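For this one, chain A is given, so just place chain B on it according to the hints.
Protein chains: 2
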Amino acid sequence: MIWNEEIETMPRQDLEELQLKKLQATVKRAFNEIPYYNKKYSEAEVYPEDIECLNDIQKLPFITKDDLRESYPFGLFAVDMSKIKELHSSSGTTGKPVVSGYTEKDLDTWAETIARGLSMMGIGENDILQNTHGYGMFTGGFGVHYGSHKVGAAIIPISTGQTRRQIEIMQDFGTTGLIFTPSYGIHLGEIALEDGIDPKTLGIKAIGFGAEMWTEEIRQRVEEIFGAKAYNIYGLTELMGPGVGVECIEQKGLHIAEDIYYPEIIDPNTLENLGPNQKGELVLTNLQREGMPVIRFRTKDLTKLTYEKCGCGRTHARMSRITGRSDDMIKVKGVAIFPSQIEKALLRIGDVEPHYLIIVTRPGTLDEIEVKVEASQNLFFDGVKDMMAITDKIGKSIENETGIRVKVTLVEPKSLPRFEGKAKRVIDERDLH
Amino acid sequence: MIWNEEIETMPRQDLEELQLKKLQATVKRAFNEIPYYNKKYSEAEVYPEDIECLNDIQKLPFITKDDLRESYPFGLFAVDMSKIKELHSSSGTTGKPVVSGYTEKDLDTWAETIARGLSMMGIGENDILQNTHGYGMFTGGFGVHYGSHKVGAAIIPISTGQTRRQIEIMQDFGTTGLIFTPSYGIHLGEIALEDGIDPKTLGIKAIGFGAEMWTEEIRQRVEEIFGAKAYNIYGLTELMGPGVGVECIEQKGLHIAEDIYYPEIIDPNTLENLGPNQKGELVLTNLQREGMPVIRFRTKDLTKLTYEKCGCGRTHARMSRITGRSDDMIKVKGVAIFPSQIEKALLRIGDVEPHYLIIVTRPGTLDEIEVKVEASQNLFFDGVKDMMAITDKIGKSIENETGIRVKVTLVEPKSLPRFEGKAKRVIDERDLH
Numbered sequence: 089m090i091w092n093e094e095i096e097t098m099p100r101q102d103l104e105e106l107q108l109k110k111l112q113a114t115v116k117r118a119f120n121e122i123p124y125y126n127k128k129y130s131e132a133e134v135y136p137e138d139i140e141c142l143n144d145i146q147k148l149p150f151i152t153k154d155d156l157r158e159s160y161p162f163g164l165f166a167v168d169m170s171k172i173k174e175l176h177s178s179s180g181t182t183g184k185p186v187v188s189g190y191t192e193k194d195l196d197t198w199a200e201t202i203a204r205g206l207s208m209m210g211i212g213e214n215d216i217l218q219n220t221h222g223y224g225m226f227t228g229g230f231g232v233h234y235g236s237h238k239v240g241a242a243i244i245p246i247s248t249g250q251t252r253r254q255i256e257i258m259q260d261f262g263t264t265g266l267i268f269t270p271s272y273g274i275h276l277g278e279i280a281l282e283d284g285i286d287p288k289t290l291g292i293k294a295i296g297f298g299a300e301m302w303t304e305e306i307r308q309r310v311e312e313i314f315g316a317k318a319y320n321i322y323g324l325t326e327l328m329g330p331g332v333g334v335e336c337i338e339q340k341g342l343h344i345a346e347d348i349y350y351p352e353i354i355d356p357n358t359l360e361n362l363g364p365n366q367k368g369e370l371v372l373t374n375l376q377r378e379g380m381p382v383i384r385f386r387t388k389d390l391t392k393l394t395y396e397k398c399g400c401g402r403t404h405a406r407m408s409r410i411t412g413r414s415d416d417m418i419k420v421k422g423v424a425i426f427p428s429q430i431e432k433a434l435l436r437i438g439d440v441e442p443h444y445l446i447i448v449t450r451p452g453t454l455d456e457i458e459v460k461v462e463a464s465q466n467l468f469f470d471g472v473k474d475m476m477a478i479t480d481k482i483g484k485s486i487e488n489e490t491g492i493r494v495k496v497t498l499v500e501p502k503s504l505p506r507f508e509g510k511a512k513r514v515i516d517e518r519d520l521h
Numbered sequence: 089m090i091w092n093e094e095i096e097t098m099p100r101q102d103l104e105e106l107q108l109k110k111l112q113a114t115v116k117r118a119f120n121e122i123p124y125y126n127k128k129y130s131e132a133e134v135y136p137e138d139i140e141c142l143n144d145i146q147k148l149p150f151i152t153k154d155d156l157r158e159s160y161p162f163g164l165f166a167v168d169m170s171k172i173k174e175l176h177s178s179s180g181t182t183g184k185p186v187v188s189g190y191t192e193k194d195l196d197t198w199a200e201t202i203a204r205g206l207s208m209m210g211i212g213e214n215d216i217l218q219n220t221h222g223y224g225m226f227t228g229g230f231g232v233h234y235g236s237h238k239v240g241a242a243i244i245p246i247s248t249g250q251t252r253r254q255i256e257i258m259q260d261f262g263t264t265g266l267i268f269t270p271s272y273g274i275h276l277g278e279i280a281l282e283d284g285i286d287p288k289t290l291g292i293k294a295i296g297f298g299a300e301m302w303t304e305e306i307r308q309r310v311e312e313i314f315g316a317k318a319y320n321i322y323g324l325t326e327l328m329g330p331g332v333g334v335e336c337i338e339q340k341g342l343h344i345a346e347d348i349y350y351p352e353i354i355d356p357n358t359l360e361n362l363g364p365n366q367k368g369e370l371v372l373t374n375l376q377r378e379g380m381p382v383i384r385f386r387t388k389d390l391t392k393l394t395y396e397k398c399g400c401g402r403t404h405a406r407m408s409r410i411t412g413r414s415d416d417m418i419k420v421k422g423v424a425i426f427p428s429q430i431e432k433a434l435l436r437i438g439d440v441e442p443h444y445l446i447i448v449t450r451p452g453t454l455d456e457i458e459v460k461v462e463a464s465q466n467l468f469f470d471g472v473k474d475m476m477a478i479t480d481k482i483g484k485s486i487e488n489e490t491g492i493r494v495k496v497t498l499v500e501p502k503s504l505p506r507f508e509g510k511a512k513r514v515i516d517e518r519d520l521h
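Protein sequences appear in the order of chains A and B.
Quick note on the numbering used here: the first sequence kicks off at 89 and runs consecutively.
Quick note on the numbering used here: the second sequence kicks off at 89 and runs consecutively.
Isolated chain A, as found in the complex (with noise of 0.2 Å):
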């Protein structure tokens, strides 16, 4: 089922078209309501009427994180205070989160975005949504919830964790659809086994796949363990949420909500954008927000894109799947992570020194970080329950500053190596690509 079937089919030239209308609408509010754009603008000479064409858009300054975090908390914002309905945040290069501000019409619109997603899926007022994603100031779980009460779907806020509870809610409430990180999905598989439910046999019809970096072996082994389709959803907080683009039922590809978000591609070193099927770093244009309209996000996501009409009718450019970052970040059980971050949280620590290593793996199922520390020169121990205190310190420090529980070893001073140049303080073990 296409949920808005006039938009989602619509000819590509008159797509490009409303996307020209709202693009040009949006560079002259931005222009005329936020300071941080009209100065931005103005310093590159470029201004609202020079954008004629959709090409035109190259001529603007891309948006960085950097631009996020300078203008932090509220500088993007194009509406007053009293306008905006939901405040949300991602964690941001420097402990300064990143702010995502909506009205309720923007609230609406993201609502839209995730029920077109959920519609690909064959998700609707039928059905029974079990929603694993977190809540919070994280944007997963929000954004499903508002797009499932969009089609109508019956939604299960259960957000991660108690898992035989959500087994047992399976079972009980008849829930036909999932959604998860692919780590959790698979460790919700195996725990079920291990209770002797076959996932199989609990009807599930469609599975929503976000947050996490993936593989197709991946993917086979969810779609095995429980019987039904997974489909990967898209999205980041800066420009609203999940739902940028989600995968239909041919599994080739996410549809960019095209006439939401202006999608380009570029070589993350030259900054020149490449064509389709080109693989590069993805920026992205809000082309209908009212509270905090980002243009030309850079989301250091390397993909590429199709223009291609798909087999399920949709005219929206696909975007494929995700298969790398061009930085340092890393995501964990859903949650972003820079090192600078893990930094931060060192620093606050007096007895340890800030070298460190970051080293993400995938024993089973689940990700797991250890971070090494390295202990500091005139820290003496008197034991293992000193060891053990100072390593539970780090650890509930690096916690509170990233919302993410990860394992501490503490390693000799000067054990660690050193760098010339940009560090190199991630190892990410899991095969993702």
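In short, the hints are calculated from the structure, not lab data.
Check before you lean on any hint, since a few could be wrong.
If several chains are the same, the list does not tell them apart, and a pair holds so long as it fits within one copy or across any two.
[As the list claims (entries may be wrong)] Below, in silico cross-link-like pairs of lysine-lysine (BS3-like), each with a Cα-Cα straight-line distance of 27 Å or less:
| no. | residue 1 | residue 2 |
| --- | --- | --- |
| 1 | Lys193 | Lys171 |
| 2 | Lys171 | Lys293 |
| 3 | Lys171 | Lys317 |
| 4 | Lys116 | Lys171 |
| 5 | Lys421 | Lys484 |
| 6 | Lys340 | Lys495 |
| 7 | Lys109 | Lys340 |
| 8 | Lys367 | Lys116 |
| 9 | Lys238 | Lys512 |
| 10 | Lys481 | Lys238 |
| 11 | Lys317 | Lys481 |
| 12 | Lys238 | Lys193 |
| 13 | Lys288 | Lys109 |
| 14 | Lys171 | Lys110 |
| 15 | Lys460 | Lys110 |
Treat the numbers as computed from the prediction; the structure is a model and nothing was measured.
Chain B only, in chain A's frame:
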């Protein structure tokens, strides 16, 4: 500001007429659409046409947790599942949770009750409301969330935890309203003070308290710490969620949204109805719930009602602060826990006896639960490591069952008291009365 002036200041006679009309419609719908009620009422030989005045409600049998359990999961729903838009649940007495289902209109009714409450607290569209209640199956977070959308405040759905980040956000976003459990609020305040930030300087205008029992001393302490008034919010998942009653600026009892919930007070032993200002068990009836009308629900919460007109101008009855329970439920960190859940968790573990004692304390500002468990006689430990492993296993099983982390202490076989008749499993050392 009064959110719904017409309804909230309605002369009592008009209000009672409205209540009667809604009660009659609710009983009729329940009888006609829900087999469970039809059977129960038929057996009691009471029929919709017997409700001729409000006092006739006393002819109807009570609904208890047992009824909710028997009709688990959807046996009290009055509509087709395709009309249900959201599902919540609270923990039940036997491990099977109690389910609450909402149609679109119900979600709006729920938001309406909280919108009235937030208005009582002086929170409106110019405010920024930081909601530290958990989201998920628990209704605390979502009730506040929907109410905030309705009054047009900007909600920060941060949920519990990451306390230092909470404080950073209060400072950076300019939070003007806070929602927390009293114990988390005090913890928040103390962490701020530890970091050299006086919570009084944060510009908080109002605080909403919920999901926990508290004393006037705790209120005073919270108000002193934050330099803002703290208001009580009451509700329960079975009836909808928070919003059944909220305190107005007079802080002399919680106004019950009487056009939406019909309150009675009964003697928990004789089950006779009591008059105004007499302390007993609160019984509540949904007056306009589509999805799952609950009629004469025994809350087990002890309070009293006054119908005197309030200084704020509202005519709706006020209930006094809950001072106890007529059963053995304990509420810790906003989560309701029954001894039977601990029992269920222990029975899953092989090496322990189902003899246990639950000790609830509030050593600092946060509630703590210790569970003492008898080791099985055929359990031998090869040292501390083994013992750690089994206590760890017990702790995880309890956490999985209740959602709460507890301290587990293994004690010698046969060292805990045995009971004749009803076991006393809970020692609540918090001073709540």
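Results for each hint:
1. In this assembly of identical chains, Lys193 and Lys171 lie within 27 Å of each other by CA distance both inside one copy and across copies; the values are 10 Å within and 24 Å between.
2. Within a single copy, Lys171 and Lys293 get their C-alpha atoms only as close as 39 Å, which misses the 27 Å cut-off; across copies the closest is 19 Å, which meets it.
3. Taking the shortest Cα distances, Lys171 and Lys317 sit within 27 Å of each other only across copies (25 Å), while inside one copy they are farther apart (40 Å).
4. For the homomeric pair Lys116 and Lys171, the shortest alpha-carbon distance inside one copy (19 Å) is at most 27 Å, but the shortest distance between copies (42 Å) is not.
5. Proximity of Lys421 and Lys484 under a CA criterion of 27 Å is satisfied in both settings, with 17 Å inside one chain copy and 20 Å between copies.
6. Neither within a single protomer nor between protomers do Lys340 and Lys495 lie at most 27 Å apart by alpha-carbon distance, with minima of 37 Å and 49 Å respectively.
7. In this assembly of identical chains, the alpha carbons of Lys109 and Lys340 never lie at most 27 Å apart, being 29 Å within a copy and 56 Å across copies at closest.
8. Within a single copy, Lys367 and Lys116 get their C-alpha atoms no closer than 31 Å, and across copies no closer than 63 Å, so neither meets the 27 Å cut-off.
9. In the homo-oligomer, the alpha carbons of Lys238 and Lys512 never lie at most 27 Å apart, since the shortest distance is 44 Å inside one protomer and 48 Å across protomers.
10. With identical chains, the CA atoms of Lys481 and Lys238 are never at most 27 Å apart, being 44 Å at best within one copy and 41 Å at best between copies.
11. For the homomeric pair Lys317 and Lys481, neither the shortest alpha-carbon distance inside one copy (43 Å) nor that between copies (35 Å) is at most 27 Å.
12. In this homomeric assembly, Lys238 and Lys193 come within 27 Å of each other (Cα to Cα) both inside a single copy, at 13 Å, and across copies, at 13 Å.
13. Within a single copy, Lys288 and Lys109 get their C-alpha atoms no closer than 47 Å, and across copies no closer than 48 Å, so neither meets the 27 Å cut-off.
14. When the C-alpha separation of Lys171 and Lys110 is checked against a cutoff of 27 Å, the pair qualifies only within one copy, where the shortest distance is 21 Å, while the shortest distance between copies is 35 Å.
15. Proximity of Lys460 to Lys110 under the C-alpha cut-off of 27 Å is found in neither arrangement, the shortest distances being 49 Å within a copy and 64 Å between copies.
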